[in-house]
Amino acid sequence: MRSSTVLVLSLRGVAHELIKNIVLAGIGRLIVADGDMVTEEDLGGGFLFQEEAGAVGTERTAAALPQIAALNPLVSLTARPTLAPFVTEGESDEDAIAAFLREEKVDVVVACDLSFTQMETIDAGARKAGSMFYGAGTYGFYGYVFADLGQDYDYIFTDAPAVIQKRRATFASLASVVDRSKWDLPATQAAEGGSPFRGLTRNNSKSLQPGLVIGILALWEFEKRHGALPTGAEGQQAEITAIAEELRNELGINAKALPAVDESVIEHLASHATHFFPPTLAILGGLLAQDVLRVLSHKDRPTVNLLTVDSLGGVGTNTRWAMDEPANANADV
Numbered sequence: 001m002r003s004s005t006v007l008v009l010s011l012r013g014v015a016h017e018l019i020k021n022i023v024l025a026g027i028g029r030l031i032v033a034d035g036d037m038v039t040e041e042d043l044g045g046g047f048l049f050q051e052e053a054g055a056v057g058t059e060r061t062a063a064a065l066p067q068i069a070a071l072n073p074l075v076s077l078t079a080r081p082t083l084a085p086f087v088t089e090g091e092s093d094e095d096a097i098a099a100f101l102r103e104e105k106v107d108v109v110v111a112c113d114l115s116f117t118q119m120e121t122i123d124a125g126a127r128k129a130g131s132m133f134y135g136a137g138t139y140g141f142y143g144y145v146f147a148d149l150g151q152d153y154d155y156i157f158t159d160a161p162a163v164i165q166k167r168r169a170t171f172a173s174l175a176s177v178v179d180r181s182k183w184d185l186p187a188t189q190a191a192e193g194g195s196p197f198r199g200l201t202r203n204n205s206k207s208l209q210p211g212l213v214i215g216i217l218a219l220w221e222f223e224k225r226h227g228a229l230p231t232g233a234e235g236q237q238a239e240i241t242a243i244a245e246e247l248r249n250e251l252g253i254n255a256k257a258l259p260a261v262d263e264s265v266i267e268h269l270a271s272h273a274t275h276f277f278p279p280t281l282a283i284l285g286g287l288l289a290q291d292v293l294r295v296l297s298h299k300d301r302p303t304v305n306l307l308t309v310d311s312l313g314g315v316g317t318n319t320r321w322a323m324d325e326p327a328n329a330n331a332d333v
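Position 172, counted from 1, in the sequence shown is what UniProt numbering calls 172; the numbers after and before it change by one each time, with no gaps.
Any given hint could be a false lead.
Listed next, with one range per pair, are the computed distances between beta-carbon atoms [stated by the list, open to error]:
id, residue 1, residue 2, range
1, D300, L43, 34 to 40 Å
2, G227, M1, 34 to 40 Å
3, E89, I164, 47 to 53 Å
4, H226, S264, 32 to 38 Å
5, T170, P279, 33 to 39 Å
6, G286, E263, 25 to 31 Å
These are computed hints drawn from the structure, not numbers from a lab. The beta-carbon is built from N, C-alpha and C at its ideal position, and this holds for glycine as well.
Start from the sequences and build out the full structure, keeping to the hints where you can.
Now the structure itself:
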């Protein structure tokens with residue numbers, strides 16, 4: 001872990017808790033990138049921006065660096081006051097992203113609170129470079145972590161009674177999560193792109209929080225259509241509800257587990273998708289940091305592959321999209 005390099009893109013809310021935990025844990029090098037200035041709203045997102053230090057109106061990277069350095073002086077820090085080539089005025093270039101990641105020898109790139117389209121492109125570039133990718137963000141009370149650790153991710157898993165096994169997981173790209181072409185296949189064929197819900201019992205379906213999962217997927221679809229998250233404007237909740245209902249049917253979610261879209265989830269997402277809720281930031285950022293440290297050490301099972309969190313209900317679940325359960329890799333590694 002001391003030789004690892006982590007790149008964090010965007011210093012908005014969820015990045016604060018992530019950075020605190022991985023720097024205190026002692027990674028080798030941290031690169032932070034953000035092209036925006038600190039706003040009044042940013043002050044409530046975490047500890048990196050200090051109002052008393054005159055952070056408002058200054059570059060986010062410059063304002064955050066002293067707080068990061070104070071956490072652990074042994075961690076090498078690099079600040080980039082731009083998100084290029086990851087986020088650009090026009091379409092971002094996957095090859096340029098891959099070239100940057102290779103040049104900087106980035107092990108893990110984490111995109112925080114970026115749009116789905118931006119994350120999709122960054123993930124594609126990371127796959128080309130052989131870097132592991134995380135996308136994470138919060139929408140009020142809710143949040144998500146997506147992990148793409150590449151075609152062959154090997155790790156050590158300790159099973160009871162203290163049996164050490166080598167496991168191998170083949171991760172899917174972010175684009176594969178929203179590829180509906182094979183959702184008619186059951187959860188047993190998840191590796192082929194099947195729905196992670198189709199064919200599950202009522203209890204097994206409910207345990208996966210399908211209402212929140214399809215709510216976040218519907219929000220991503222809304223964002224792709226309009227180029228922005230909803231702000232509670234007239235008609236937005238109805239549109240997200242319609243998208244979510246379409247997803248509920250296409251995914252084949254057990255009707256006894258979720259007979260209709262969860263309107264309370266949709267209402268909150270439509271009205272608060274752009275709002276920070278400090279407890280959500282702390283919970284999701286902590287879970288994200290744990291997983292980043294886990295994959296750097298290649299110990300224990302990582303997020304497979306979409307984690308959704310309800311901070312108000314105190315619930316978080318993983319669903320597998322376009323990938324299979326990790327397999328025993330003892331014969332291969």
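Taking the hints in turn, this is what the structure says about them:
1. Our hint of 34 to 40 Å for D300 and L43 holds, since their Cβ atoms are close to 36 Å apart.
2. Taking the beta carbon of each, G227 and M1 are about 38 Å apart, inside 34 to 40 Å as hinted.
3. A beta carbon spacing of about 49 Å between E89 and I164 agrees with the range 47 to 53 Å that was offered as a hint.
4. For H226 paired with S264, a C-beta distance near 22 Å fails the hint of 32 to 38 Å.
5. A hinted range of 33 to 39 Å holds for the C-beta pair T170 and P279, which are about 34 Å apart.
6. At about 29 Å, the CB distance of G286 to E263 agrees with the hint of 25 to 31 Å.
When each numbered hint is compared with the structure, a violation occurs for hint 4 only.
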